[in-house]
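Using the sequences provided together with the hints, build the complete structure.
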Amino acid sequence: GEDVEQSLFLSVREGDSSVINCTYTDSSSTYLYWYKQEPGAGLQLLTYIFSNMDMKQDQRLTVLLNKKDKHLSLRIADTQTGDSAIYFCAERWDNQGGKLIFGQGTELSVKP
Amino acid sequence: ETGVTQTPRHLVMGMTNKKSLKCEQHLGHNAMYWYKQSAKKPLELMFVYNFKEQTENNSVPSRFSPECPNSSHLFLHLHTLQPEDSALYLCASSQPADVGANVLTFGAGSRLTVL
Numbered sequence: 001g002e003d004v005e006q007s008l009f010l011s012v013r014e015g016d017s018s019v020i021n022c023t024y025t026d027s028s029s030t031y032l033y034w035y036k037q038e039p040g041a042g043l044q045l046l047t048y049i050f051s052n053m054d055m056k057q058d059q060r061l062t063v064l065l066n067k068k069d070k071h072l073s074l075r076i077a078d079t080q081t082g083d084s085a086i087y088f089c090a091e092r093w094d095n096q097g098g099k100l101i102f103g104q105g106t107e108l109s110v111k112p
Numbered sequence: 001e002t003g004v005t006q007t008p009r010h011l012v013m014g015m016t017n018k019k020s021l022k023c024e025q026h027l028g029h030n031a032m033y034w035y036k037q038s039a040k041k042p043l044e045l046m047f048v049y050n051f052k053e054q055t056e057n058n059s060v061p062s063r064f065s066p067e068c069p070n071s072s073h074l075f076l077h078l079h080t081l082q083p084e085d086s087a088l089y090l091c092a093s094s095q096p097a098d099v100g101a102n103v104l105t106f107g108a109g110s111r112l113t114v115l
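Protein sequence lines correspond, in order, to chains A and B. Going left to right, the first sequence walks through residues 1 to 112 as our numbering numbers them. Going left to right, the second sequence walks through residues 1 to 115 as our numbering numbers them.
If you are wondering where the hints come from, they were derived from the structure by calculation, not from laboratory data. Treat the hints loosely; a few may be bogus.
[Said to hold, decoys possible] Pairwise CB distance ranges (calculated):
#1 A:Ala41 x B:Lys40: 14 to 20 Å
#2 B:Gly100 x A:Gly82: 28 to 34 Å
#3 A:Glu5 x B:His26: 32 to 38 Å
Just so it is clear, CB atoms sit at the ideal spot from N, CA and C, and this is done for glycine as well.
Structure below.
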C-alpha cells in the first residue's frame with residue numbers, strides 16, 4: 001500500500017499490556033518511529049528503532065520490527081490511565097531526503 | 001523559551017480572509033516542517049525547509065503559502081481557504097532532514113476553522 005496503516009482505536013484495562021500495530025510502506029526505511037500525542041498537544045517522540053534491529057526495549061515500551069512483513073509494533077507493559085493518547089507510527093523515506101511519513105494514529109483508551 | 005512554539009493556538013477565519021500561522025524554534029535546528037492533521041487521516045506533510053530553502057512541496061494548493069525567513073522561523077500564509085482546510089496545523093523542526101535519525105520536535109499546533 002501507499003500509506004502507513006494503523007488501526008484507529010484500542011481499548012485496554014489499567015494494568016494490562018497494550019499492543020499497537022503498524023504496517024509501513026518502504027522496505028528500505030532505515031528508521032521507524034513511535035510518537036505520542038496527548039490532548040491539545042503536538043506529537044512527542046516516544047522511541048525509534050534502526051532497521052538493523054528487530055527489537056528495542058525502553059522501560060515499559062517494547063518495539064518489535066518485522067522487516068520482511070514491513071510490520072512495526074509498540075507494546076506498553078502495565079498500561080496506566082496516563083498512557084491514554086494517540087500513538088503515531090512513522091517511517092523515514094531515505095530516498096526522498098529523509099522525510100518522515102506518518103500513519104493516521106491509534107487512539108489508546110485505558111479504563112480503570 | 002525552548003522547544004517549538006506555534007501561534008495562534010486557535011484561529012477562526014472566513015473564506016475571504018488572509019491570515020498567517022507562525023512557528024518559532026530555539027533548538028538550533030536547520031530543518032522546519034508544516035504538517036496538516038485531520039481527524040482519522042494520516043498526518044500530511046505539506047512543506048519542508050532545509051537551511052531556509054524549500055525542499056518539499058507536497059502538492060499543496062497555492063492558497064497555502066509558506067515562508068521561512070531564517071532557520072528559526074516558519075510561517076504559513078493563508079488566503080481564500082475552503083471549509084475542508086479546517087484542521088490542526090503542526091510545525092516541527094529537526095537537524096537537517098537527511099542526517100541521522102531525523103527526530104522531529106513538534107509544536108502544539110494551530111487549530112484552524114474555516115467558516
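Cross-check of the supplied hints:
Separation of A:Ala41 from B:Lys40 is about 18 Å and conforms to the stated range, judged on CB atoms against 14 to 20 Å. Taking the beta carbon of each, B:Gly100 and A:Gly82 are about 30 Å apart, inside 28 to 34 Å as hinted. One distance hint, 32 to 38 Å for the beta-carbon pair A:Glu5 and B:His26, holds here, with the actual separation near 35 Å.
The structure is consistent with each of the numbered hints, conforming to all of them.
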